[in-house]
Amino acid sequence: MSDLANIDVVDRGDGIVVAHVEGDLDLSNLHSVHTGLLETMPNEAFGLVVDLAEVHFLDSAGVETLFRLQTSLGVRQQRFAVAIPPGAPIRRALELSGAPGEIAICGSVGEAVAVLRAGAERGVQETG
Amino acid sequence: MRGGPSPSPDSPEFLSGGGDLGARMRALDWAATPIGVPDSWPQALRTAVSVCLSSRFPLLIWWGPELVLLYNDDYRSVLGAKDATALGRPGEQVWHEIWDVIGPMLEGVFERGESTWSDDQLLVLERGGYVEEAYFTFSYSPIRDDTGAIGGVFCAVHETTDRVLAERRARMLTALAARAPSERTAEEAIEAALTALETNPADVPYAAVYGRADGVGARLLAATAASAAAGPPPAGIAAGDHAPWPVASVLETGEPAVAWADPPAAAARRAEALVLPLKLATETTASRALVLGVNRRRVLDDDYRAFFALVARDVTTAIATATAFEDERARSDALVELDRAKTDFFSNVSHEFRTPLTLMLGPLEELLRDDRIDRVGHGQVEVAHRNAERLLRLVNTLLDFSRLEAGRASATLVPTDVAEVAADLASTFRLPVEQAGLRLAVDCPTPGPTVLLDRELFERAVLNLLSNALKFTFEGEIRVAVRREDDVAVLEIGDTGEGIAEEELPRLFERFHRVEGARSRSHEGSGIGLAVVEQVAELHGGRVKVRSGLGIGTTFRIELPLAPDDADAAPDAPAGRERAGGYADEAMRWLTVSPGSQTGDVRPSRPRIVFADDNADMRDYVGRLLRAQFEVRTAADGVTALELIRAEPPDLVLADVMMPGLDGFGLLDAVRNDDLLRRVPFVMLSARAGGEAAIEGLHAGADDYVVKPFAATELLARVRANLELGRMRNRLADLDREETERMRGLYDREHEIAESLQRSLLPERLPSVPYLDLSAGYVPAEEAIRIGGDWYDALALIDGNVLLVIGDVAGHGLAAASVMGELRSAARAYALEGHRPGDLLRRMDALMRTTGRTFMATCLCVRLEPAAGRLRYASAGHPPALLRRPDGTVERLTEALAAPLGFLSGRRGREAEIGLEPGSVLGMYTDGLVERRGESIDVGIDALADAMAAGADLDAAALLTRLGASRGLEDDVALLVAHALPVDGGRLDLSLEAVPGTLAPLRRAVSRWLDANGVGAQVAYDILLAVNESATNAIEHAYGPGAARFDVQARRDGDAVEIVVRDNGRWRPARGRHRGRGLGVMRATMDSVDVRRGTVGSEIRMRRLVANAGVAS
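Taken in order, these protein sequences are the chains called A and B. Counting in this note's numbering, the first sequence tops out at residue 143, every number present. Counting in this note's numbering, the second sequence tops out at residue 1116, every number present.
Careful: at least some of the hints might be erroneous.
[Stated by the list, open to error] Just a few of them, taken from the derived set where beta-carbon distance is under 10 Å, the chain A residues facing chain B: (1) Val-24; (2) Val-33; (3) His-35; (4) Glu-69; (5) Phe-72; (6) Leu-111.
Calculated from the structure, these hints are not laboratory results. Note that the Cβ used here is the ideal one computed from N, Cα and C, for glycine as well.
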């Protein structure tokens, strides 16, 4: 899939898919991570949580990957959130890149799943 | 464009903005459309149009029962030429050509209210003036109007044509490449390639391969099952003929050419096919061309052409590989045939000689005993008998020798009294010895020691020594003595003759070695007598020794083990005396033939030979030998010889290499350049021993080469063979030459292929890796006739470590080079998969054995982990790597050694680990660097170790120079050197390739440097982010053809760290919605960021206070 990062995808069976990413996200795997995640996303699922707890390095290219993922999923009317433990060094890159406010950033996978669920219930009118 | 840039005064607010389409919507006469004026539109449509116009994503609204089109700027690229008339028109009118596909989908959305999602949907459009194959990913979602009913459909669309085509083409190229290597002939390779092309009829509707026809034009070699619309490919295309394809002109010009589907006047000219030359590396002009049909629904654009170029390249590679196989097979078949012919010839000749000679000897002996023959007749019969015996002896000696040589001698060992046999043989020589004025002293008291002997072989050895003694002794005596010394029987044959110079003694027993210039009674002899003596002694479990001094004489001493005590000596066999008689008779003849006498008649009908040699004795000797059968003219120098040859062309020229004036090569040159003489067989004669002189002579065009000293029989045999060759040559003149050239051509081509293969297997450039300095040297063998199997490789791994591999495939030529290629590819693939050295070698070994290769290959893998301060290694029978420590000591890495690849080894997969301190130097090499003839390999390894110990800064080139190996040696030499650079707190200076893969190693290097500078983790992470962003910029700017590089420098400046990143790319504005954040990140993490952009190259200089890490962030 990609050189620097391994991705382990878990379909929870409730419409939400969780992708655990391990490694580094930078320019070298921008495309492979993006297409890799999109490919594993079934049409029926309504949301994707990307778990970055095991990511040690994330730069602006990595952040771009997250933005692109959100856009691509949006076209498919699927929702998106990332999970990063509080205090993780890579939060700094996300903050500096202006991601908070545009991407749903949660402290854990559980929190992210809850946010996506709540959004799905509210979001029928929201999309269109 | 309809409508102006300024909004109509009465346009509603929801139509504001939206770029070009916004303007056109405001200007459109909506009353004329099925959905009426905007004021009448339901709220849902107004909202949708507003969303549509403000989006940067291609969006489209189908509205109302007629599905009227409303869209934004980004959707225009989907419409193409249709954009001019599409706005506000019913969908079926605009998209009539795809309505059968999308009509039902839209209907479904209206009827069931369900969204649709289509991935890479094929839609055949007519948006550019032609029918076009295009792919889209799009979704349809219902828009409910104010009553809750579905009023329209919202469509988000993204064109994926480029990606779909690229993937389809890549799949086909993979299939094409996968097929290539297994084909054994060019025809098979072409067939297989065409089969692969048939898997992608969309991009290659049809294909055909043409070859150069014998005359002019081209002929069809193969074609795919599908053919062009115009019909199947013609079997031949004449030169100058461009229909159906310009194949002949492509073969002529070597340039690709397009076959057009439309006449030149057509507005949008469509390509029918592209014709590409298939030029092999070994060809000066392409001899084949590939016709590739063009998909009529696609334009032959740059991507399409590039794809076709790759197809042509892969087909060419497949043909080249198959051709190389064909050539290799033809060559080895020819060699096997040659070898068989030689063996047949030898056994036939010996058999043919022995039988008639034996049959001659019987009647001749009868005649000698017949009283009725008068004295004159008796004398003639004696001459015939003597010479027939001599001939038989020579043939027997040669056969014995070859039998002994092959180790097939079936000796019959019988207990024998050596003293008795020796005394007996000596007595037969008494007459010639005394006739020569010498004394024969025999000291063989009987009964003497008993030895297990093969009587016949032993007698031959003793007679050889006796006749040698007589040949080289002119005064004094010849002694024969047998005695027992401890547990060996000793036979000594000594003389008071000329003696042998000390420097000649070591080579005395070598086959065909003759002591040059020694005075002797006869020049006859095969030069293998002493070799036979030595082999006979060894066959009996004994040995032969020689003592000699110039002017003192020579003594040969044969030591043989004693027979077991209970063995009784067998009675003397009479056959021995007869054999001995033959030798003694011949010796007698030496004493009566006066030197220089010319025997043999001159008869014009006999073959004529011109013999040139500046040595008068040689002229006499060879002249005498040849005159028995040929008419011989002699010349003392090349010029005279050439005059003789021109005056009356001979049937053969025999010439010495070294002559005053015109030498042998000059004479050869003159003969070969004369049309009347060029077919005359030319035999070179020279004292220059060794294969290279012979090769030089044969390359110069000599037909044969006889090295002095030579046996008379050998010379005569060669002369006769070459006379026969000349006769054959006159008969088959041109045919013969053609064949010779064909064979030579095959060899050259194989050599060329193997050489270029080897070159391509060595990395062009070593990777640049932080904290490591790699250098390598490869020196081909001086005698570059062979291609060595040495190779090495260096790979930067994604984890920042480096893998070094060096190997040697035993064997030479194309086959060895292809094994190298396989091993190298395997090593690369396994290394990139993350396998470690031990595992890597285990897999390479398995590969080698599953492919059934019979080659032996050694290999050494080292994984350098500079960040971790260690290295791991494993070896498959390869000489040990050397590691120089910073203190100057050099250590051999001898752990984890398994058998060479291809051999089972219980230690396969083992791996050793050793520390790699900064300042260390690692050296890896192939055996050519450390092996010298006659020296232990340890001497060579120690020499390399000494050279490495001499200085820590010596790279591969410097080490090779130090070892005197910078020029070619006997074998190929490869050397790979890695310096582990010290990490000081001072400066970091890196030059890196501008590719995304270098980011991770760069981060590791910077992080290590920051750590060495005591920068705290949090600040270090900030700096790392900034360096990473600036490097990402450099890499993105550098995108383009060629390998660009960028530099990263870091230094400590008091309490601050300063980092400079320089590239030589062109600055480009940020691409994509979310790019361009890099600079923001740098500014946020560093105290100062200074960006300078030039026309070529930009520089980012950043500073950050690090003294008080806790406060800084």
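Each hint tested on the structure:
1. A least Cβ separation of about 18 Å between Val-24(A) and chain B goes past the 10 Å threshold, and the interface hint is therefore violated.
2. Taking 10 Å as the C-beta cut-off, the interface hint given for Val-33(A) is violated, the closest approach to chain B being about 22 Å.
3. Interface restraint check for His-35(A): the shortest CB-CB distance to chain B comes to about 20 Å, outside 10 Å, so the restraint is violated.
4. The beta carbon of Glu-69(A) comes no nearer than 16 Å to any beta carbon in chain B, farther than 10 Å, and the hint placing it at the interface is violated.
5. Hint status for Phe-72(A) relative to chain B: holds, with the closest Cβ pair at about 7 Å, below 10 Å.
6. With a least beta-carbon distance of about 5 Å to chain B, the hint placing Leu-111(A) at the interface is held under the 10 Å criterion.
Of the numbered hints stated above, those contradicted by the structure are hints 1, 2, 3 and 4, listed in ascending order.
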